[in-house]
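Guided by the hints, dock chains B and C onto chain A, whose structure is given.
In case you want the letters, here they are:
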Amino acid sequence: MTALLTLDMVGRKFGSLWAVRDVSFSVERGELLGLIGPNGAGKSTLYNLIAGALSPTKGEISFDGQSVTGWKSHQVARVGIARTFQIPKPYRQLSVVENVMLTAFQHEHSVRRAHALAMDTLTDVGLGECADVPVSTLTVGLLKRLEVARALAMRPKLVLFDEIMAGLTPTEVGTMTRFVSSLPSRGITVIWVEHVLYAIMKTATRIMVLNRGELIANGEPASVARDPAVVKAYLGEEMSLA
Amino acid sequence: MSLAPADRSRGTQPPLLLPRRGARLSIFEIVLLLICVVLALVGIPQNLQDIAVLAFLWAGLALAWNIAGGYAGLISFGHAAFFGVGAYTSTILFVGFGITPWLGIWCSGLLSAALGTVLALICARLRGPFFILSTLAAAEVVRIAALNWATLTGGPEGLSIPPVAGLANMVFASKGTYVALMLAFLVAVYAITKWLEGSRYGYYLNSVRDDADAASAAGVNPLLVRTVAMALSAGLTGIGGSLFAQYFLYLDPTFIISPEVSFQFALLAAVGGLGTAVGPVLGSFLITPMSELLRSYLGNQAAGLHLVIYSALLIIVMLYFPGGIAGALARLSRRGGGS
Amino acid sequence: MATLGQLVLSGIFIGGIYALMSMGLTLIFGVLRVVNFAHGEFLMLAMYGAWAMTRLLGLNPYLAAIAIGPAMFLFGAIVHQLIVRRALDKPHLVVVFATMGLSIFMQNVALMVMTADLWDVPPIFSRSVEVGPFYFKAELLVGFAVTIACTAILQWLIRTTYLGKAIRATVQDGEAAMLMGIPVPRIFLLTFAGGSALVGLAACIMMPLFSVFPTVGLNFVLIAFVIVVLGGMGSIEGALLGGICIGVVQSLSSYYVAPAYGQMFYFILFLLVMVFRPNGLLGQKGSATIGIND
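Protein chains in written order, with numbering that gives the first Met the number 0: chain A, 0 to 241; chain B, 0 to 338; chain C, 0 to 293.
Honestly, the hints are just simulated from the structure, not real lab data. Just so you know, these numbers come straight off a predicted model, no measurement behind them. One thing to keep in mind: the hints can contain errors.
[Stated by the list, open to error] So, partial list: chain B residues that the calculated Cβ filter (under 8 Å) puts toward chain C: (1) L38; (2) F129; (3) E156; (4) V260; (5) A269; (6) Y296; (7) L306; (8) V307; (9) L313; (10) M317; (11) L318; (12) F320; (13) G322.
[Stated by the list, open to error] Away from chain C, derived, C-beta distances all over 10 Å, residues of chain B: (14) I131; (15) A172; (16) F284.
[What the hints assert, rightly or not] Taking lysine to any residue pairs in the SDA-like style, the calculated list, with each CA pair at most 20 Å apart, reads: (17) A:K88 - B:A211; (18) A:K57 - A:K88; (19) C:K89 - B:G322.
All residues carry an ideal CB built from backbone N, CA and C; glycine is no exception.
For reference, chain A alone in the conformation it holds in the complex:
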C-alpha cells in the first residue's frame, strides 16, 4: 500500500535563502510522526508547504495517491489534511462551537449536524463547557486546544499539529499526550511539531529532525536521541533527550 504522504526533494526558497531544502520522506497511515528541530529550522515552512499555504520552489508532494504539489490550502484541506496554527488563529467574532463548526462543515453539510459534530469534538478535547463562550475570552492554552478541536472536527486523514503543548500544565500535557497517541487508532495519521520533547519522544513511532531546512535524522526516537548530529544541532550541548 502506498504511503499516505510523500515528499520528494521538496524545497522552498525565499529570495536567496532556502528555508527548506531537498526534504524527502514519507508517512504511512497510522503513524505518529514527530518533527523536531531548533528554532528557525524550517518546520513552519514545511508545514505550510504540506498544507498548501506555500507552494514549493522545487520537489513533489503527494497525498493519498495523488499529487498535491502547488495545491492551495483549501484544496488540500478538502482531501483530508488538517492543521493547527502555532499562534492560534480563531474566528474572533464567533463562539467556540461556531469556530469548530466551520471545519465540521467539511464533513457535515447541515448546520444542525455540524453543530453536533462540533460539540462532540469539543467534549473530546475537554472544551465542552466553553461551547457558547466568545472566543475572545479564552486563554492561550484553551485557544491551542481549540485549534486541535478545529483540526479534528474535519475528520481528517492526516493532521499536522504545531506546538499544541505550549501553555499547558504538566498534568494537561499528560492528558493531551494520551489524547494525541489515541488518534492513530482512530484512523488519523499525525505529524507533530513540538518543543516539549519528552512528550513527543515517548509517543512518536518515528522522529524526524530538521535543521537549517534539511532533514538530518529520520528514525526511532531512541536512536535519534543518540544521534550526534541531532545533539549538535540543538545548541551543541550534550542533552539527554530520552
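Leaving out everything else, chains B and C in the frame of chain A:
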C-alpha cells in the same frame, strides 16, 4: 454576539424574544414586521409616507451592503456604483426600449452583480484599507463614466422617467403603493439575509472575514466566498437602485453614484449593527426619519446639520458601541438571563 | 514639442506639491497602519486657516504656515488622543468608520460655517516665471521648492535622529519596537500630529493655487491615496515619486483627453497598481496584502 443555533431535533422550543442567528424569527422581529405591514396596508398620513418609503428602501439597501460589509468583512465605500448601475439599467431599458421595470429590475440586479464580481476579482488580494480605497476608486470611475457617457446616461442632465402611472410602468399615483413596494423589497432582502446567516454559507462568510488563512485551512475558498458575497450584495443593491429610480423618476449621476450614498449604506448598517440581520433595519428606522425630518424642518439653513449629527453619532457608536444597536440589544438580553 | 515639455514639467511641479500633501498620510499609514479617511478634511481645515490668516490678517499664505503648521500639529494630536487611539485595539473597521465619520463631520461643519462658496487668496506674485520656452506660475515653483526642501529635511530627520529611527522601527515591526523599549504610543501620537502638521504646510503652499470649499478635501484625498499606494506605505521618497507620477499623468490627460475623463485616469492607474503592484513602485513587499491587524 452570535449564538449557536438551537437544537432543532426536539419538537417544542421556547419562543425567541430577541433576534438570534438563523432562520427562526424572534418575537421582536415578528412584531416589527407586523407593525410595518399594518402601516403599509392601513395607510400612513400623507406627509409621513415619504419617510416610510425611504426608511424601507434604505433598510433594504443597508441590508444588501451588510451581506458584503458586515458578514464577509468586505467594507466597501463604493456601493453607490452598483446602486447607480441598477438605477440606470432599468431606467434605460424602460425609457429607451419600453421594457417594463418589473423585468428591468432583474436585469439591473444581474448587471450590478456582474460588476460586483469584477470588482471582487480585481480586489481579491487586497486587505483592509487598500480594499476600501479600491472600492472608492472603482465607484469614482463608474461615476465619471456615467457623467460623461451622455448618449447612454443623459450625462449631467440626468434621465427622467415619464410620470405616467400604471402597474406595468411600476409608477404609482399613490405613495401608499410605493410604501408597499419598498416594504416588499425590505422583507425580501431580510429573508435572504436570515437564510444566509443560518446556513453554512453564512458561517463561511464570517470565517473569511475573521481569519481568511484559518478559513482556507478549514477548506473554505476565500476568493470564491468573497466574490459570491460581493456579487449578491451588489445585485441586491442594484435592484434597490431600480426601485429608487421608479420612485424619484429622475436620475442624476452626481447624486446617485456619490461617496455620500456609499457612506449612507455603511452608516446605517454600522449604527444598526454589522453582521446582523436586524441591525441595518434598525439603523435605517432610526436614522432615515431623523434625516428626513431634519431636512424638512430646518431646510437649507441646516445644509449639513443632519450629516454633522450622524457623523458624530457614528464616531461615538463606533468607539463605544461597535456592535451597534443590535449589539446593545444582544448584550441586554444576555444580562437579563435571556435565551 | 514645447507643449509636451510644458505639460510634463508643470506636471512634475504640481506633482511635487501633491506629494507634500501626501507625506503625512504615508507616514501615518506606515507607522500606525491606519488610513485617516479625514486626511482631505485636515487639508481643507488648514486651507481655510491659511485663507483666514491671509484675508483677515493680511498675511501672506507662506507666512501663515508658521501658525498653521503648529495649529495642525495640535489638531492632529487632539484627534489622535480622542479618536484614533481608542480605535487602535479594535477591529480595523472601527478606525475606518470613525475617520470616515470625522471626514463627513468636518465637511459639514465647514459647510455650515463657511457655506459652499469657493474662497481663494490673491496671487502672491505678479507675473509668471520664464524658464526657456516654458512659463510657470511662481507659486508653483515655490511650492515645488518647498516640497523638495521638506523631503530632504524629513529624510535627514528619519535617518539620523533617534525619533526617526524609532519611527522606522515602528514601521517595520510595531511589536518588536515596543519590546525594544521604544515608546510606541508616543511615536503614534507624534507621527499623527506631525503628519497633520505636514498637511498644514501643504495647505499653505496650495492656497495660492487652488480655491477652498467644504468638499475640496475629497478631490485631494483620493489623489493622496493613489500617491501613497504608488509610493509604498511609509516611504517619503516614494511619496515624492508617486506624486510626480500622478502630477504628470493628470497634466497630460487633462490636455490630451477631455478634462473630465482625465480625473478617471488616476483612479484607473490606482486600480492597476492595486492589481499588479500592490506594494507600490518601491514600497515594502506585501504591504497592500498585509493590511491591518495581521
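How the hints compare with the structure:
no.	hint	result
1	L38	30 Å, violated
2	F129	4 Å, holds
3	E156	14 Å, violated
4	V260	12 Å, violated
5	A269	5 Å, holds
6	Y296	16 Å, violated
7	L306	4 Å, holds
8	V307	4 Å, holds
9	L313	4 Å, holds
10	M317	5 Å, holds
11	L318	5 Å, holds
12	F320	10 Å, violated
13	G322	11 Å, violated
14	I131	6 Å, violated
15	A172	36 Å, holds
16	F284	20 Å, holds
17	A:K88 - B:A211	10 Å, holds
18	A:K57 - A:K88	28 Å, violated
19	C:K89 - B:G322	11 Å, holds
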